[in-house]
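Quick note, the sequences are listed as chains A and B, same order. Taking this note's numbering, the leading residue of the first sequence gets 170, the next gets one more, and so forth. Taking this note's numbering, the leading residue of the second sequence gets 6, the next gets one more, and so forth.
Please note that the accuracy of each hint is not assured.
[To be verified] A few chain A residues facing chain B, derived, Cβ under 10 Å: (1) Ser175; (2) Ala176; (3) Gly182; (4) Leu187; (5) Leu198; (6) Gly255; (7) Pro256; (8) Leu257; (9) Thr260.
Keep in mind that the hints were calculated from the coordinates and are not lab data. For each residue, glycine too, the CB sits at the ideal point set by N, CA and C.
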Amino acid sequence: MGSVVSAVLVLAGLGAFLALLLVLAEKRLASSGPVRLRINQGEPREVEGGEPLLSALKGQGIFIPSACGGRGSCGLCKVRILEGGGPLLPTETPHLSPEEIDNQVRLSCQVKVREAMALEIPESLLEVEEYPVRVEALTPCTYDTVKVRLGFEADAGFSFRAGQYVQVETPIYDGLSEPVYRAYSISSPPSETRFIELILRRVPRGICTTYVHELLLAGDRLKINGPYGDFYLRETQAEAVFIAGGSGLAPFEAILADMAERGIRKKATLFFGAVSRRDLYDQELLREYEEKIPGFRAVPALSKPAPEDQWEGETGLITEVVARGYESMAGMEGYLCGSPGMIDACIRVLTEKGIPEDRIYFDKFS
Amino acid sequence: METPGPFTIFLASIFINNILLANFLGMCSFIAVSREIKTALGLGTAVIFVMTLTSGINYFVYTLLLEPLGLEYLRFIAFIVVIAATVQLVEMIIERVSPVLYYALGIFLPLITVNCAILGVSLFLVIREYSFLQSLAYGAGGGAGWALAILAMAGLRQKMKRSRVHPALQGPAITMILTGIMALAFIGFSGMVPM
Ligand SMILES: Cc1cc2nc3c(=O)[nH]c(=O)nc-3n(C[C@H](O)[C@H](O)[C@H](O)COP(=O)(O)OP(=O)(O)OC[C@H]3O[C@@H](n4cnc5c(N)ncnc54)[C@H](O)[C@@H]3O)c2cc1C
Ligand code: FES
Numbered sequence: 170m171g172s173v174v175s176a177v178l179v180l181a182g183l184g185a186f187l188a189l190l191l192v193l194a195e196k197r198l199a200s201s202g203p204v205r206l207r208i209n210q211g212e213p214r215e216v217e218g219g220e221p222l223l224s225a226l227k228g229q230g231i232f233i234p235s236a237c238g239g240r241g242s243c244g245l246c247k248v249r250i251l252e253g254g255g256p257l258l259p260t261e262t263p264h265l266s267p268e269e270i271d272n273q274v275r276l277s278c279q280v281k282v283r284e285a286m287a288l289e290i291p292e293s294l295l296e297v298e299e300y301p302v303r304v305e306a307l308t309p310c311t312y313d314t315v316k317v318r319l320g321f322e323a324d325a326g327f328s329f330r331a332g333q334y335v336q337v338e339t340p341i342y343d344g345l346s347e348p349v350y351r352a353y354s355i356s357s358p359p360s361e362t363r364f365i366e367l368i369l370r371r372v373p374r375g376i377c378t379t380y381v382h383e384l385l386l387a388g389d390r391l392k393i394n395g396p397y398g399d400f401y402l403r404e405t406q407a408e409a410v411f412i413a414g415g416s417g418l419a420p421f422e423a424i425l426a427d428m429a430e431r432g433i434r435k436k437a438t439l440f441f442g443a444v445s446r447r448d449l450y451d452q453e454l455l456r457e458y459e460e461k462i463p464g465f466r467a468v469p470a471l472s473k474p475a476p477e478d479q480w481e482g483e484t485g486l487i488t489e490v491v492a493r494g495y496e497s498m499a500g501m502e503g504y505l506c507g508s509p510g511m512i513d514a515c516i517r518v519l520t521e522k523g524i525p526e527d528r529i530y531f532d533k534f535s
Numbered sequence: 006m007e008t009p010g011p012f013t014i015f016l017a018s019i020f021i022n023n024i025l026l027a028n029f030l031g032m033c034s035f036i037a038v039s040r041e042i043k044t045a046l047g048l049g050t051a052v053i054f055v056m057t058l059t060s061g062i063n064y065f066v067y068t069l070l071l072e073p074l075g076l077e078y079l080r081f082i083a084f085i086v087v088i089a090a091t092v093q094l095v096e097m098i099i100e101r102v103s104p105v106l107y108y109a110l111g112i113f114l115p116l117i118t119v120n121c122a123i124l125g126v127s128l129f130l131v132i133r134e135y136s137f138l139q140s141l142a143y144g145a146g147g148g149a150g151w152a153l154a155i156l157a158m159a160g161l162r163q164k165m166k167r168s169r170v171h172p173a174l175q176g177p178a179i180t181m182i183l184t185g186i187m188a189l190a191f192i193g194f195s196g197m198v199p200m
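The shape of chain A in the complex, shown without the other chains:
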């Protein structure tokens, strides 16, 4: 009996002692006390050292886009670090081009704040704020896509450009240990200031989309931050081709509504790629815009129409349909939204047809 007690005591004591030691070491090693951050030559701000830069900035009310929640896989959280920040890490290099590396661009979720830093962050990101919203309606678009209307509090003052996106905070649920942020394009027009609408396509076992599709109810409260992105219509004379896949229609709905309201004249064709008829939505809306916007045309295309669809429109992969539609695309602009695979394939087709890469604008839904 005595030996059992002493064995337990000895082990527990040893464990507790070592744990104490580690906690002390963590305190001394991990956090490096207050550190000065200087952003765009402004007044230095003090933050607590030891955290990833992304979260330190969030603590300062500066929201850097981060679709993967700091795992280093989306490559969205880029900032320029002019001073401090330590050596480039192997987790960053896959997301940075040689020019970006020369320009001291880093992934803010991987860099830890350890020493005084000087950063350069685009002014537009400094205007990003967090907004509490209320879910006003959830309307199914297709069997796996839903339109979510999020209402602002009075005088929230949210404004954006048609084509931009927001990040939705997925609250903690079901074994999720911390809130995660996911990007969704706004489908409602900028003139609507009381609410925004998002179109969410379900991703099997996806953290945010499962939450929205299965648990979210009208009346619930959420937090969003934004607006982000430089995917918006360039108001030039050039003819535009819009290519959307799945939920990638969302930003184009905002752009088209904006064009109709503000009477923007631009020749444009929207190619909307889907698998079969059950993946199509908002087709009547597109018909209306064809009437309202001179020079606009919408072309839905199905890659695998089901027999019962009785489909008479375009068929094939969206890249083939676009390629068939134009002899040469020189002088045009390309706007793409959808899965990374689709976008990469489309960029190849558009550049072959003569659109220079700097005239192709896209949001990869990765």
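Got chain A sorted already, so can you dock chain B with the ligands onto it with the hints?
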């Protein structure tokens, strides 16, 4: 039998009783991380550090805590706890000093915890009834021996990148064969110093 002095133990555990090549302990990380000299060097250094530190600490844990209380049978779990904590400490230090090495070692750093060579060294020094200095020397030598072996293997494997290995033998398989040949060479020394 007279046990050898600390310095002899140190040298002997590097060259004669190499923990990896004579006892075949610590094989998993040896095979996994011996692809590049740089990471092998990093892991080797970490193992030397952890092994020296844990053999010193475990010596005291055993002689001052477990033996007097008659709890020798707890040595496995007690040693593992000490090793785990030490590895955590080393991890924090490496992350602080060299984030690049930290990411290069990745999962293998925490895996040192279950590197059997480290537990093996702590257990051997109990069996062989080493003194504190002898234990430290044995830990440092064992670590250095392990580091030497993994460095040699990383060098070989880097050279081998240009040789044509049969597809069925690529990777771990050829590494095991090379290890066997290296071990054969080391067997030649065995018994030179009784430990
Ligand atoms: C700028 C931008 C705008 C975006 N706009 C929209 C939008 O308007 N509507 C919309 O629905 N989505 C949009 N997305 C995608 C969205 O941000 C999420 O990535 C997506 O909804 C999945 O999130 P999740 O939390 O449900 O899945 P996660 O938990 O992130 O992913 C779970 C698993 O699914 C895989 N996965 C992730 N995405 C996909 C996918 N698309 N197809 C197949 N597997 C996948 C992941 O690799 C992972 O293994 C946008 C993304 C970006 C970067
Ligand atoms: S947040 Fe996704 S890579 Fe940094």
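A quick look at each hint next to the structure:
Of the supplied interface hints, the one on serine 175 of chain A holds, with its beta-carbon coming within about 5 Å of a beta-carbon of chain B, less than 10 Å. At its closest, the beta carbon of alanine 176 of chain A sits 5 Å from a beta carbon of chain B; the interface hint therefore holds under the 10 Å criterion. The closest approach between the C-beta of glycine 182 of chain A and any C-beta of chain B is roughly 9 Å, which is under the 10 Å cut-off, so the hint is satisfied. Evaluation of the leucine 187 of chain A hint against chain B yields a held restraint, the C-beta minimum of about 4 Å falling below 10 Å.
Interface restraint check for leucine 198 of chain A: the shortest CB-CB distance to chain B comes to about 5 Å, inside 10 Å, so the restraint holds. With a cut of 10 Å, the hint placing glycine 255 of chain A at the interface with chain B holds, because the nearest CB-to-CB distance is about 6 Å. Hint status for proline 256 of chain A relative to chain B: holds, with the closest Cβ pair at about 5 Å, below 10 Å. Hint on leucine 257 of chain A holds. Least Cβ distance to chain B is approximately 8 Å, under the 10 Å limit.
Given hint, threonine 260 of chain A at the interface with chain B, holds; its Cβ is 6 Å from that chain's nearest Cβ, closer than 10 Å.
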